[in-house]
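**Student:** Please model the complete structure; the sequences and the hints are all you need to start from.
Just so you know, the sequences run in chain order P, L, W and Y.
Oh and the first sequence: position 85 is 115 in this note's numbering, straight run, nothing missing.
Oh and the second sequence: position 178 is 208 in this note's numbering, straight run, nothing missing.
Oh and the third sequence: position 280 is 310 in this note's numbering, straight run, nothing missing.
Oh and the fourth sequence: position 335 is 365 in this note's numbering, straight run, nothing missing.
Hint data in this document are derived by calculation from the structure and do not stem from the laboratory.
Misleading hints may appear alongside valid ones.
The list makes no distinction among identical chains, and a pair is therefore deemed to hold if it is satisfied within one copy or across any two copies.
As the list claims (entries may be wrong) - 25 Å max Cα-Cα, derived DSS-like pairs, lysine-lysine:
{"hint": "1", "residue 1": "K395", "residue 2": "K173"}
{"hint": "2", "residue 1": "K199", "residue 2": "K286"}
{"hint": "3", "residue 1": "K304", "residue 2": "K129"}
{"hint": "4", "residue 1": "K79", "residue 2": "K90"}
{"hint": "5", "residue 1": "K225", "residue 2": "K336"}
{"hint": "6", "residue 1": "K199", "residue 2": "K395"}
{"hint": "7", "residue 1": "K199", "residue 2": "K90"}
{"hint": "8", "residue 1": "K391", "residue 2": "K196"}
{"hint": "9", "residue 1": "K173", "residue 2": "K79"}
{"hint": "10", "residue 1": "K304", "residue 2": "K243"}
{"hint": "11", "residue 1": "K243", "residue 2": "K199"}
{"hint": "12", "residue 1": "K199", "residue 2": "K129"}
{"hint": "13", "residue 1": "K391", "residue 2": "K219"}
{"hint": "14", "residue 1": "K304", "residue 2": "K225"}
{"hint": "15", "residue 1": "K286", "residue 2": "K79"}
If you're wondering where the values come from, they're calculated on a predicted model, not measured in any experiment.
Number of protein chains: 4
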Amino acid sequence: MSGSILGKNFQISTWGESHGSALGVVIDGCPAGLDLCEEDIQKDLNLRKPGSNKFGTSRKESDAVHILSGVFEGKTTGTPISLVVYNENQKSSDYTNIKNIFRPSHADYTFQSKYGFRDYRGGGRSSGRETLSRVAAGAVAKKILSEIGIEFLTYSKEIAGFSTNKTPKTRDEIFSDQLYMPDSEVSLKAAEYLKKCVEDHDSAGGIVECIIKGVPVGIGETVFDKLDSALAKAIFSLGAVKGFEIGTGFASAKLKGSQNNDQFINNSGRISKKTNNSGGILGGMSDGSDIIFRAAFKPTPSIFKKQTTVDINGNETEIEIKGRHDPIIVPRAVIVVEAMAAITLTDLLFSNMFSKIDSVKNFYKPL
Amino acid sequence: MSGSILGKNFQISTWGESHGSALGVVIDGCPAGLDLCEEDIQKDLNLRKPGSNKFGTSRKESDAVHILSGVFEGKTTGTPISLVVYNENQKSSDYTNIKNIFRPSHADYTFQSKYGFRDYRGGGRSSGRETLSRVAAGAVAKKILSEIGIEFLTYSKEIAGFSTNKTPKTRDEIFSDQLYMPDSEVSLKAAEYLKKCVEDHDSAGGIVECIIKGVPVGIGETVFDKLDSALAKAIFSLGAVKGFEIGTGFASAKLKGSQNNDQFINNSGRISKKTNNSGGILGGMSDGSDIIFRAAFKPTPSIFKKQTTVDINGNETEIEIKGRHDPIIVPRAVIVVEAMAAITLTDLLFSNMFSKIDSVKNFYKPL
Amino acid sequence: MSGSILGKNFQISTWGESHGSALGVVIDGCPAGLDLCEEDIQKDLNLRKPGSNKFGTSRKESDAVHILSGVFEGKTTGTPISLVVYNENQKSSDYTNIKNIFRPSHADYTFQSKYGFRDYRGGGRSSGRETLSRVAAGAVAKKILSEIGIEFLTYSKEIAGFSTNKTPKTRDEIFSDQLYMPDSEVSLKAAEYLKKCVEDHDSAGGIVECIIKGVPVGIGETVFDKLDSALAKAIFSLGAVKGFEIGTGFASAKLKGSQNNDQFINNSGRISKKTNNSGGILGGMSDGSDIIFRAAFKPTPSIFKKQTTVDINGNETEIEIKGRHDPIIVPRAVIVVEAMAAITLTDLLFSNMFSKIDSVKNFYKPL
Amino acid sequence: MSGSILGKNFQISTWGESHGSALGVVIDGCPAGLDLCEEDIQKDLNLRKPGSNKFGTSRKESDAVHILSGVFEGKTTGTPISLVVYNENQKSSDYTNIKNIFRPSHADYTFQSKYGFRDYRGGGRSSGRETLSRVAAGAVAKKILSEIGIEFLTYSKEIAGFSTNKTPKTRDEIFSDQLYMPDSEVSLKAAEYLKKCVEDHDSAGGIVECIIKGVPVGIGETVFDKLDSALAKAIFSLGAVKGFEIGTGFASAKLKGSQNNDQFINNSGRISKKTNNSGGILGGMSDGSDIIFRAAFKPTPSIFKKQTTVDINGNETEIEIKGRHDPIIVPRAVIVVEAMAAITLTDLLFSNMFSKIDSVKNFYKPL
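**Tutor:** Structure below.
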């Protein structure tokens, strides 16, 4: 098939391998007239850049983005926006020793089986570096959403089991922390643990939480294209994600209806909810409260410890992964999760515009 | 937009309201030559039928399915299969008193806001009765999958906090239990609790686990159409689902890489894994192990307790829901979860068939 | 794959065979709040009904449409509209003699080759009766379009080589003629010819022209989803269509640029064109002039003359088709062409609503 | 919406403006293991390159293609193939004088109306230069198709009214001619006419015919995704196309059924047809004969003659187009038409692979 294209009305088409010449994305469906420059995108890419925190890979990349189309005189034209980042620091030689070996919990084996052949350099297309294209597209989506007052607060909620209960109020609270966790106390403990983790040649996982503010009521379609359904798909398309929940999530399975139901109230003339167990979505549509979801990331599979595995011929063998790997990807994943949420929301934002015949009539007033 | 169509190559288009004249589904993309009769579908519909367990709604429906197209002389023809179930026991009058009131944690408010208007009878399109169409389509998908040896074991893993650690070996172990839980000890405790729950005019939630056996290696596409991504979307499109995880899921976020990584082994000549934390999916593609995922269901929002809410004009008021409602939907949801997984897997099964140029050449041998 | 679903935001999913129990369509994406009743659809179905003109098949069908979902209290709800027509007068026995023979210029051979099996009764899914679902969906699309002042004039421009140069001004001019040709003189000659054609056990083809008035400027997307591109697809999806042209069409290939170019003028303050060689579309987008296209229909392949052909085993043989067939399908195709144009236009009408960031901002004004 | 993405299983996503920094395409869905290098693509790009014939624009571009992803060690990997061509010779200054004027029969007016804003340099996205991306993708599609023996003969059938009845037997016959017309006699007359046309500051149109050989029986889906329907869409997505016909096309509308029907015969054990009025497609599926279609191109709208038009404010004015324009685009369009046909056919080739349950079972033989 394909599988690198996402969305219906706001469509992104991503491409590129970890150790190829470049990675990029084509965004088809961005409305015309939006102010857009490379810096709008670069600032998000910088948040996921290798070396953006000290627990990330030591690979050095400037990750400089170029806009190749779709923008004219500083504004989007309504035609496809092509964004590209050239790779600079590929050390493919790091990988020749694992060319014929399947790294545990990586996609080597499945890639080889499906395609009969694989780009073994840094995981090729299955590398986390692929998310760069998503972040670039997400920056454009967030630019659109910010035009109607939608804002994101996405952060590391849990790292290696160290969890915070503090909810951030500003983006600065998040991104000023080395682990993008708005709680310096917990963050310091996590950092200490991670330091030991690196010494042990091991890795860790964690949880990212995303809060979306200002979403109008009614975004999302009623059956298969529910907002939560679309978010689940988008977030689960990240290689290391193993769990997704919205609002009270898994915990709601243990509650009674009388505990979990959110009572509607009249909040100074505006319909609102007393609690937000729903995570801002009812029946697949945004309900006007904050949208809140969490994604669980498994620990990085690339560890320097010796592991047992098989080679391409099925012979059992041992492997010691070398190269440049993150012992924890969660902080760098924060901006990726945010990007996927923004892309998803933008797509459904458009399709909501013709839900009522009156909206259609109002748009196409008589010539 | 739309939102009631799912899939790319195996597409289903569902329709129907809780209290309309009928519900149904059109399946477009079923291969020709498959044996198919109404009983193949009816047996699954019976497992989700109102009254299929004593904790379900008391609404009486035979839910008899009719095949209106796509089958000729007992075999599918390759053209769309239209399935319909006529509603028999609509008591719309139950709902006139809530016509202008928003039930807490239901889709009434979001529906009304999005469309400016709603079918208030039993939730209309947002009713759980909508899943009937999914089960019907799922039965066809499972028929296709069974042709290549793929089988499902889906069951209630947790009900109202009562959780089992027993893994079923047969479908009979599951469906012989009143709560579709393959553990009579835990099931009895849960049933006792539910009885009290009904007396208290309250409701409960739970967790469904799905195990898929016999999936060939390589099903799923590499970036946005990953198998886990597609499953997450499909499962989260069920109204009451608030969490989804695969393999070790959320728990893996607390593990070290060395604990979570699944070592590859040679199992009598076949590449296999020592553990299955991955839940049978690596890099978005099936890895040959059992696929295992879990879905968390919130407690049924329809409870008979008095609740505070607002009416259509935003005035605060009280509501006492009447009618026929399940205090727990988890048992009936088992077959729905299975259906969604089967539909998703079938779709990706087809798209895997042209992953290699050699497969294409082999299929189209010279005339 | 599938192939019976059309559209992106206004999606139709059709089903049903000529001699099955019913045919129908599910419309997903109709905005909420549109007045809709069965009569709105029935009046178009009546225009394509067998026996709607004396040169059609003698098959007797009432073609009564039923709305099974998506409409509540006389208005669309925004959820899928399921429409069904039950077959009444299937004479499948007419076809047993051709069960193993391929009718020339029919889809018997290709169907059998592709699927290894076919519903031979009246062509099954490849029957012209399949267009019933399209007409039903088209009636809904036209209802939407009429809300913003878009109207259709579709008619038989040429029948069996008898061509009119008269352009209709009203629908009544068209549908009051027995061949749906707004030119009684030419129509009578064509009718006389057709009478002879029937006597000769032969058949005829023709050309349908469609004029769409009141389309706002800018409908259609710039590259692959151009309005003309989408119309071409929609019209060519009709089995008997062998040619499609827009505006001056094939004749423009012989003109000079200076002859073919349409000069823009200021028509009482409104930008307009002096001529309309473009057929109302420039660069894939509606240009504010009438949209004008033509579709060429081949002669009905079912003729009663003896023909040579092969059987299912490749043996050469003779065939004499019996049963009830139209010697000309063009008049009945008029409403089908119109339906396809309306469905296509509606889909693109919606996607145009978020072409500009200002439109998005205007729609989602601050809460 | 979007509109620059085409296909379902073989998807192309094109981008780029005439006077931007680059143009390109992302191909998602190319099977793994196909030999592919830049020269495979370059040779087709050279056939449409400015200056590839003396009646083309004088703009000088090397149109050198770069493969940025999806190919590893000379073979496709199954992941997206990103192709880019950098613009070298943009003379945007040619266009500042028409910044505020709508060129007749161009997309200036519709673009401006739809997006409220436009890249006026050379038509931006609506430039013929956009087809470069299509040709690049088409070269990859043809590489796939050639693996199963499908070959193309596409040529100028008519230029400025000068038409040939000769059918080419080899690609060399076509591309050795300066107008890509396999008939030097007619080609010379046409060339002479074009020379005069240039002197008159005028332009001409023509017809391209495409013949596809070796297509297996059964490609194409039965209702909306018919092979002819998909081809019509693909070809009509070219800006200058105003007509499309298959087989006998418009002429068949004047024939009797007994004249137009193609009799099946047994050709040395293989089912074949005595004639090919169908153009190789029956019921939307390939019938094993050559696929033959024609596209009518309007004369180039850019002429150097003075024309009347309006400016952006609706004021009537005159325009004299300057710059570098083809007086005839038909020869350069030949390879573009071929590309679109190849892309379309490849997409439908894949979806045919799971038409029968037996094909699915055969592919997924027990592990």
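**Student:** At most 25 Å between alpha carbons: which applies to K286 and K79, within, between, both or neither?
**Tutor:** between (44 Å within a copy, 23 Å between copies)
**Student:** Tell me, please, which holds for K391 and K196 at an alpha-carbon limit of 25 Å: within, between, both or neither?
**Tutor:** Cα proximity of K391 and K196: none, with 46 Å in one copy and 33 Å across.
**Student:** When Cα atoms must be at most 25 Å apart, do K243 and K199 count as within-copy, between-copy, both, or neither?
**Tutor:** within (11 Å within a copy, 46 Å between copies)
**Student:** Using 25 Å as the alpha-carbon threshold, which applies to K391 and K219: within, between, both, or neither?
**Tutor:** neither (58 Å within a copy, 44 Å between copies)
**Student:** With identical chains, the pair K199 and K286 could be close in the same copy or across copies; at 25 Å between alpha carbons, which is it: within, between, both, or neither?
**Tutor:** neither (30 Å within a copy, 31 Å between copies)
**Student:** Tell me, please, which holds for K304 and K243 at an alpha-carbon limit of 25 Å: within, between, both or neither?
**Tutor:** Classified as within: same-chain Cα gap 16 Å, cross-chain 44 Å, threshold 25 Å.
**Student:** When no copy is named, should K304 and K129 be tagged within, between, both, or neither for a Cα gap of at most 25 Å?
**Tutor:** between (56 Å within a copy, 22 Å between copies)
**Student:** Using 25 Å as the alpha carbon limit, work out where K173 and K79 are close: within a copy, between copies, both or neither.
**Tutor:** within (20 Å within a copy, 37 Å between copies)
**Student:** From the Cα coordinates, with 25 Å as the cut-off, is the pair K225 and K336 best called within, between, both, or neither?
**Tutor:** within (19 Å within a copy, 53 Å between copies)
**Student:** If the cutoff is 25 Å on CA atoms, where do K199 and K129 land: within, between, both or neither? Let me know, please.
**Tutor:** neither (46 Å within a copy, 38 Å between copies)
**Student:** Between K199 and K395, at a C-alpha cutoff of 25 Å, which is it: within one copy, between copies, both, or neither?
**Tutor:** between (42 Å within a copy, 24 Å between copies)
**Student:** If the cut is 25 Å between Cα atoms, do K304 and K225 qualify within a copy, between copies, both or neither?
**Tutor:** neither (42 Å within a copy, 29 Å between copies)
The earlier numbered hints that this structure contradicts are 2, 7, 8, 12, 13, 14.
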